[in-house]
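Asks: Put chain A on the given structure of chain Z with help from the hints.
Chains as they are written, first to last, in the working numbering: chain Z, 1 to 332; chain A, 333 to 662.
Hints are computed from structural coordinates only; laboratory data are not their basis.
Be aware that a few hints might be false.
[What the hints assert, rightly or not] Some but not every residue of chain Z turned toward chain A, in silico, with C-beta under 10 angstroms:
1) Val29
2) Ile136
3) Glu201
4) Trp202
5) Ser212
6) Ala244
7) Gly247
8) Glu323
[Stated by the list, open to error] If the Cβ cut is set under 7 angstroms, some of the chain A residues that face chain Z in the computed set are:
9) Gly474
10) Tyr526
11) Phe543
12) Ser545
13) Glu553
14) Pro563
15) Ser579
16) Gly581
17) Arg653
18) Val657
19) Glu660
Ideal placement from N, C-alpha and C gives every residue a C-beta, glycine not left out.
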Amino acid sequence: MQRVGLVGSGFMATTHATSYQEIADAEVVAVASLSDDREAFAAEHTPDADVYGDAEEMMDDADVTMVDVCTPTPTHRSLVEAAAERGLDAFCEKPLARTVADADAIVDAVEDAGITFMTGHVLRYFPEYVEAKRRIDAGEIGTLGTLHTERLSAPPRYGTNSWFGDKDQSGGVLLDMAIHDFDYLRWVVGEVNRVFARTAEWDDGHLNQHSSVLLRFEDGTTGHVEASWGYPDGSPFVTSYELAGDGGLLEFDARDENAVRVSGGAEGANAPSSPLAKSPYTQELEHFVDCVETGRDPDITPDDARAAVRIALAAIASSERGEPVSPAEVGT
Amino acid sequence: MTVRIGLCSTAHHHAHSYADSLSDLPDAELVGVTEVGDRVADARAAADDYGVDYRDPDDLFADVDGVVVCSTNADHLAWVERAADAGVDILCEKPLAPTVAEARAIADTCREAGVNAGVAMPLRFSQPVRNAKTAMEDGLLGDLRFLSGTNRGQMPGGWFVDEEASGGGAVMDHSVHIVDVVRWLTGEDVDEVYAETGTKFHDIGVEDVNFLSMTLTDGTEFVLDGSWSKPDEWDFWGDATLRLVGSEGVVSVDCFGQKLKQTSDDADPAIQSVYWGSNPDEGLVRDFVDAVREDRPPMKTVADAVNDVAVVEAAYESAERTEAVAVEHR
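Here chain Z stands alone, though its shape is the one from the complex:
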């Protein structure tokens, strides 16, 4: 049984706390957050957990066996380093880090300490994405040619002090959101040779961005990731892909899901809409807990998470410079 110390009390911490309730081998025994709402968060989502205002104090004082980091991106490094110093296994939300230097430091820290560590590239647990990869790996669409993904949403209107809207902290839509597709496509295809990106940006009280990233993989496959934080408030979050090979095509569009369609309804009534019996976040954390319990290596390596950060940072650099950028050259 893993005794989890959860760091953070925002949107992702809530998602993880909910998932841990469904995981037999893990229990959140402590929560640490800088936010004033930490007591309320714990009361609602982790009623048996001790509450701390300082994460390192929690790691020292609470009887935790692993740490789950659900905090703003720039804080990941010091929190993971703190866990590693204490020999605590750690799960960290994506993106791994805001900079290559921080990503390198995290990879070094977890490898030196020998802790079990994984980054939350949760797309690898979404069945529509897993199934596509399984079929590609089985050769069902032949040799890959063009891979197109979309991830479209309104700007995040949550996050402490609107940190998502601060590019210095979040890296914007490319590092915070497109990174899901970067990691997925790299998982499917392999290393990226170069990216060319365009990003439109405007401010309406929140940071709006709409980005397009062309990716050239080392094997010659071409990808296109379109990611938006530019949709109007209230727009449904949309993901889609079209993965084309020389022997076939895989298409998915979340707009076609419609597991449960609701018209009207009594005010305040709850109508769950996910078609999945188990959420991808629960799958992801269950896998990590299992790795911690059994000593197995997690699906997603520290290097994987760092490579995804490099692709995203290359895309940001390309957007700024108007030229193709290699993930290998960023941060050097």
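Replies: Frame of chain Z, contents of chain A only:
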């Protein structure tokens, strides 16, 4: 007055749809089909299909008010020169020409001969595109920030993959439709293009991957996937979509999204999608016939299309150099 139209070459498969649209117009007549070289037999067969005569070129030119040129891209210039010589108006299949030099020669020839000449851009007559134009003009988008389009299709084969006849592959064939729509909707030109291309789907001598990342002259960013990436067994020929992202809203256009699904136990393919939306070619042909009658330029002129070809030429240069290339337009 019945407007008399001839068809120069049926090498391009769009010829059949234009012939159908012409025969539906009460005030126009498809007079005949002509061709030169190796494809005369094909043109004779097509003329039979359309129920019109096959005519020798000069004989046809002497008997019509306008011609539709559906030859290979490389032959556009020669047909336009003959038609302009004969003083007849012209609707030319897209892309206008394989090179900017030839496209300019076409535009200059038509201007000097005083004939009205246009390029077949049916998406300007697509009702979903027109709806988007109305929404834009109504201010729905606020400020336009980003454009993302697709014109993915099946690999057409034949002369389309013979560089001598086509000038190139997917970049040549599937860039200009959405580029034209964007230029038409925004009133801007393409300023710069970066291209990722390749040959990944078919064993052919031209590219079938066509990703273009562009900026417009006002700085708006515009990305287009015009690859021949749809499998031969796909349930439709391809797509034409455009997403317009604005500060106040987003408009997503799917020109051929209006499809019903048909399953037939005894047919091959057993499952296919059938387009039921309004046919953009009807509007295109209607506009050309009206232009001939009214002695005015068609909606999309050859002069304007030179700048579409400039985008294509810059895209090839970008793919060659692996860097963004400025588009030269006039």
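Asks: So, for every hint listed, does it hold in this structure?
Replies: Verification of the supplied hints:
For Z/Val29, the interface hint is violated, the least distance from its beta-carbon to any beta-carbon of chain A being 44 angstroms, above 10 angstroms. Hint status for Z/Ile136: violated, given a least beta-carbon distance of 14 angstroms to chain A, over 10 angstroms. For Z/Glu201, the suggested interface contact is upheld, since its CB lies about 8 angstroms from the closest CB of chain A, less than 10 angstroms. At its closest, the beta carbon of Z/Trp202 sits 6 angstroms from a beta carbon of chain A; the interface hint therefore holds under the 10 angstroms criterion.
Annotation: interface hint on Z/Ser212 holds; nearest CB of chain A at approximately 4 angstroms, less than 10 angstroms. A cut of 10 angstroms between beta carbons decides the hint on Z/Ala244: the least distance to chain A is about 4 angstroms, and the hint holds. Contact between Z/Gly247 and chain A, as hinted, is supported at the beta carbon level, the nearest pair being about 8 angstroms apart and thus within 10 angstroms. At a threshold of 10 angstroms, the smallest CB-CB gap from Z/Glu323 to chain A is about 6 angstroms, leaving the interface hint in force.
Because the beta carbon of A/Gly474 sits about 9 angstroms from the nearest beta carbon in chain Z, more than 7 angstroms, this interface hint is broken. With a cut of 7 angstroms, the hint placing A/Tyr526 at the interface with chain Z holds, because the nearest CB-to-CB distance is about 5 angstroms. Here the hint on A/Phe543 is kept, as its CB sits about 5 angstroms from the closest CB of chain Z, short of 7 angstroms. At a threshold of 7 angstroms, the smallest CB-CB gap from A/Ser545 to chain Z is about 6 angstroms, leaving the interface hint in force.
For A/Glu553, the suggested interface contact is upheld, since its CB lies about 4 angstroms from the closest CB of chain Z, less than 7 angstroms. About 5 angstroms separates the beta-carbon of A/Pro563 from the nearest beta-carbon of chain Z, less than 7 angstroms, and the hint is met. Because the closest C-beta pair between A/Ser579 and chain Z is about 6 angstroms apart, less than 7 angstroms, the hint holds. The criterion of a C-beta within 7 angstroms of any C-beta in chain Z is met by A/Gly581, whose closest approach is roughly 6 angstroms, and the hint holds.
Taking 7 angstroms as the C-beta cut-off, the interface hint given for A/Arg653 is violated, the closest approach to chain Z being about 10 angstroms. Here the hint on A/Val657 is broken, as its CB sits about 11 angstroms from the closest CB of chain Z, past 7 angstroms. Here the hint on A/Glu660 is broken, as its CB sits about 18 angstroms from the closest CB of chain Z, past 7 angstroms.
When held up to the earlier numbered hints, the structure conflicts with 1, 2, 9, 17, 18, 19 and fits the remainder.
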